[in-house]
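According to the working numbering, the stretch in the sequence shown is residues 115 to 216, in order.
I should point out that these hints are in silico values taken from the structure, not numbers from a laboratory. C-beta atoms are modelled at their ideal positions from N, C-alpha and C, and glycine is treated no differently. Certain hints may be false.
[Said to hold, decoys possible] Quick list of simulated restraints, FRET-style, between CB atoms: (1) V165 / R192: 16 to 24 Å; (2) R148 / V199: 31 to 39 Å; (3) E154 / G198: 18 to 26 Å; (4) H151 / V185: 32 to 40 Å; (5) H151 / T193: 31 to 39 Å.
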Amino acid sequence: MTRAQISLLVVYCVDLPACLDFYRGLGLPFERERHGHGPEHHAAVLADGVVFELYPAGTGGSTGRTRIGLVVASTSLRTAWEPGVHVLRDPEGRVVELHITA
115 MTRAQISLLV VYCVDLPACL DFYRGLGLPF ERERHGHGPE HHAAVLADGV
165 VFELYPAGTG GSTGRTRIGL VVASTSLRTA WEPGVHVLRD PEGRVVELHI
215 TA
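Between the sequences and the hints, there should be enough to build the whole structure, so can you do that?
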């Protein structure tokens, strides 16, 4: 088994405001960022220091299919969800497997 772990996940979004609202609704604490002359984007630091970023897709458009798995406490969510596994789609059709803990 490898000792590698994910430290950064960047998702490029055609509709950044809609995606930001969706992921904030799942309890992710995004902050606005900009590095040098790069595009403004939003970053959330998750457990174990993993950084999850939402970037504007720019002229490239869709970046293909992605499945994202998140574990969140029910108290972090904007709306009430039963504990367990729920499969959602973000505003751009990416599958989000949500594991909700009590």
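*Starting from the hint 31 to 39 Å, judge whether the C-beta atoms of H151 and T193 obey it.*
Distance hint for H151, T193 holds at roughly 38 Å.
*Note whether the CB distance of V165 and R192 lies within 16 to 24 Å or breaks it.*
22 Å, holds
_Range hint compliance [Cβ, E154 to G198, 18 to 26 Å]_ = Hint violated: Cβ distance 36 Å, outside 18 to 26 Å.
*Measuring from beta carbon to beta carbon, are H151 and V185 in 32 to 40 Å?*
35 Å, holds
*How does the Cβ-Cβ distance of R148 and V199 compare with 31 to 39 Å: does it lie in that range?*
Given a distance of about 35 Å, which is inside 31 to 39 Å, the answer is holds.
Comparing the model with each earlier hint shows a violation of hint 3 alone; every other hint is respected.
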